[in-house]
Amino acid sequence: MTNTATLSLALTLALTTPALAGPDPESLADGLQTDEWQAVLEAAEGQTVYWNAWGGSTTTNAFIDWVASRVKEDYGVTLEHVKLSDTADAVSRVLSEQQAGQNEGGAVDMIWINGPNFASMKGQDLLFGPFAEALPNWQYVDVENKDVQTDFTLPVEGYEAPWAMAQVVFIYDEARVPEPPKSMPALLDWAKANPRRFTFPQPPDFLGSTFLKQALIDLNGDDPALSKPVEEADYEAATAALWTFIEDLTPNLWRQGRAYPQTGPRQLQLIADGEVDIAISFSPGEASTAIANNELPPTARTYVLDGGTLGNASFVAIPYNSSAKSGAMVVADFLMSPEAQARAQDPAVLGYGTVLSMDKLPEESRATFDALDLGPATLSPAELGTAQPEPHPSWTTRLTEEWVKKHGVTE
Amino acid sequence: MSLPRYTLPALTVALLTLPVGLGLFFTLAPALGYMAAPGGPAPFSRLMDWPGIGPATRLSLTTGFAATALSLAITALIAAGWQGTRAFALLHRLLSPLLSVPHAAAAFGLAFLIAPSGWIARALSPWLTGWDRPPDWLIVQDSAGLALIAGLTAKEVPFLLLMLLAARSQTRSDAHARVATTLGYPRAIGWLLVAFPTLYAQVRLPVYVVLAYSMSVVDVAMILGPNTPPTLSVQITRWMSDPDLSLRAVAAAGALWQLALVLGALALWRGAEALAARAGTALAMSGHRLPGPNAALRALGLALGLAVALSVLAGLASQAIWSFAGFWGFPDALPDALSLRTWQRHGPMLAPIALTTLLIASLAALLALVLVTGCLEAEARHVFRMGPAGRLILYLPLLIPQIAFLPGLQVLMLTFGLREGLWPVVLSHLTFVLPYTLIALAGPFHAIDPRTFTAAATLGAGPNRRFWRLRLPLLLAPLLTAFAVGFAVSVGQYLPTLLLGGGRVTTLTTEAVALTSGGDRRAIGAYALAQTAAALLPFALALALPRLMFANRRGMRGG
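Those protein sequence lines, which keep their order, are chains A and B. Quick note on the numbering used here: the first sequence kicks off at 54 and runs consecutively. Quick note on the numbering used here: the second sequence kicks off at 828 and runs consecutively.
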């Protein structure tokens, strides 16, 4: 393992002066030249990358397993999936290492990360970068139409690389709900007419918090205050309608709101068990994938609200003390490759939205995407519409806290 | 043996106390303001400001007390009513293997059994109940924690029963019970009044372990316990893993509060013991023979014992079916179709993980066996006995909530620049495996007739020869059982593996718990089965090996 040239210098700097200066930003932020990427590839060969990613989904685990076999084949990088039950475990791990002064050779080489966890790590100087926009496959990324350069309104600045697009959809069972309610007021009416047949994952689960945000946006319309920190807004006025809505909805929820499913997948299980009829999901392809895996009835379908739904990107980031930064960059780059993106979008595999722009892709790659059968329950991009941007992360925190206070500890 | 006489006992005591003590210090320091995590002061006032602190505290106390009292009562009723009968032998045979069923697997099986859309409801629907969709009943995750209490009880009854049976050989309880019977007391009443008090004195510490465990358990409470709010220990785990890093100090404060609660509960239990003793004495002095309640108590004991065994076994069976299931919706009693898909998908990943699990468990169980045998032998040669303090040390790692000292242990390791990996995991497992191994081996070790060794000594055999040629072969069956117990304990460890392995050591249990956070019942079923199989394997060996090796010596075959 001999690494050469500027990048090795950058990596050395990154290893020795992490929190203060970060890596040499000049060599990475300006975009890697071909010969520099070559140095990353050489350094990466033989490295083992421990990717800390949520391990609760069988399909995601299988996809990561496939990525591991491919990067081994092409780049000689060994990828190990550290299966977390909560992404924050990895965040606290890196923090513990920083507190203990272990500024190199950390246990976490790469994290699947989003929103509040990213904000937290970036705020504590726990991330390596910027690197994302210097990766070769960045050229195909749809920076114009997809929100991949901000993460919950926080500028990404190259500290994490996008690998999947997510958008809120609602899953319902066609056999039980002929006309799904396509707005939050309609959902409330439906819940009153069909009591105890709807629920959402319990906040602070991210999907539960997403439901609160989605309800807020749907009830208030496009509110510019949401893109700013919550302290700068008239919080009471902005959320009055939301809390009235939740107040009315809760007694009509599954188990009258006295218990909630803890995660998204458990909520899907409730549909399969016949306990609820409608569920929220952050992945447009999830329902099709779940049908293929026998986890949802074949009659499951999805819909979006008439006013549109929230969307965001999933990212991977590299901790400042990662023991295999080059290897992690190679994996991050591979995740953005047309090959990996097309496989992730295949509902038989994952059903995740691609971060790439079809217009930028070479002809044969575009053909692979065109050939995908998106599955019985997946909406077309036109039906999905443009995703609404995520509010500032402080809204997530505040809404979740207030919900927990009002409904999460009341029994 | 050329080691100085106190080497092994000292090493064992260090392994039991150092991780707990140092871990506690480094976990709790942030709560007390040392080494404060970022985010500001007063973690205690933040803890008390959390709106759920009252209900969560109450839940920890009520579920802990209820589960412990219920498990102890069921165990006592089984032993009181049925000891020495064929029904008892059957119950014992049904319950013993449950000891090695990992808690999370048992909890998950129970959840699917009793939920309104669960297996029992499916079996009765719609032909009997008329349900084509499940009723909206709050059964699992109910706010009083009844499902949690049931799940804990199902796992603790086998443990207490084993402890009670082991204690029997060290007391004259059987003889006492016989005397009561000749005095005209019906079987169960006589046993409860006369034999139980002596036995209880022997199993007091295991009962305290059950109480401490039930109050601070995380995985079972996540699966079966309420969530609005959850129990205190679940909330602490959530704080530890919150993206808001300042909450880690609140988690540390919570851990301290949990520790105080456990200690308080132990004191309360101790007080309750005295009250129960007084009531029991009064009843015995009254001379009532109570023939009526006797029959009821016997029936109740048998029913509850069977319910415990069958619920865990049926839960495991349901998980086996899930791992082969195609689509399985309500109210179908069985899946639409069976397939090998889940096993095909997970099989290739399962094999290496199972190997790591077996390797760690073998190392931990073997080390524990060597240390424990060494301690007992040193005790026998130098004629010193563990006093009450020694027994307390033995139970220390089991009495202090894991969540209160393991995170600190991780910080400590990092501070000394130790790498996470296999050995730290093995050593941390050893801390929890040691007590159980010692519990399992101490009884049989002392039960060997000391005149055997005196006879050997008069024939000229030195201490080492007596140890290798007499003690060890005589102890083969108990040694294997103790190994199997230690092995099963190691297989079931979640938090130590996660924290000291740095997430890089994957075992069947870490996989199963990670999968539990998702909802894929098929995958959970496959891993739960693999986990249970791994824990049961050495028990099977422990039964089979002595039979093979001592095919012509009946007395050496053990259990």
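In short, the hints are calculated from the structure, not lab data. All of these numbers come straight from a predicted model, not from anything done at the bench. Cβ atoms here follow ideal geometry from the backbone N, Cα and C, with glycine treated the same way. Where hints are given, some of them may not hold.
Claimed, not checked - Derived CB-CB ranges, DEER-like:
#, chain 1, residue 1, chain 2, residue 2, range
1, B, Ala-1123, A, Ala-293, 58 to 66 Å
2, B, Ala-1360, A, Ser-122, 51 to 59 Å
3, A, Asp-287, B, Leu-1165, 53 to 61 Å
Said to hold, decoys possible - Straight-line Cα separation of at most 20 Å, EDC-like style, residue types lysine to aspartate or glutamate; simulated pairs:
#, chain 1, residue 1, chain 2, residue 2
4, A, Lys-413, A, Glu-157
5, A, Lys-235, A, Asp-359
6, A, Lys-459, B, Glu-1204
7, A, Lys-245, B, Asp-963
8, A, Lys-413, A, Asp-195
9, A, Lys-458, B, Asp-876
10, A, Lys-235, A, Asp-275
11, A, Lys-281, A, Glu-157
12, A, Lys-199, A, Asp-412
13, A, Lys-459, B, Asp-1159
14, A, Lys-281, A, Glu-210
15, A, Lys-175, A, Glu-197
Said to hold, decoys possible - Stretch by stretch, here's where chain A covers chain B in the computed footprint (C-beta under 8 Å, at least three residues):
#, segment
16, 1053-1066
17, 1151-1161
18, 1228-1241
19, 1327-1333
20, 1347-1355
What hint numbers does the structure not satisfy? Going through the list in order, the structure violates hints 2, 4, 6, 11, 13, 15 and respects the others.
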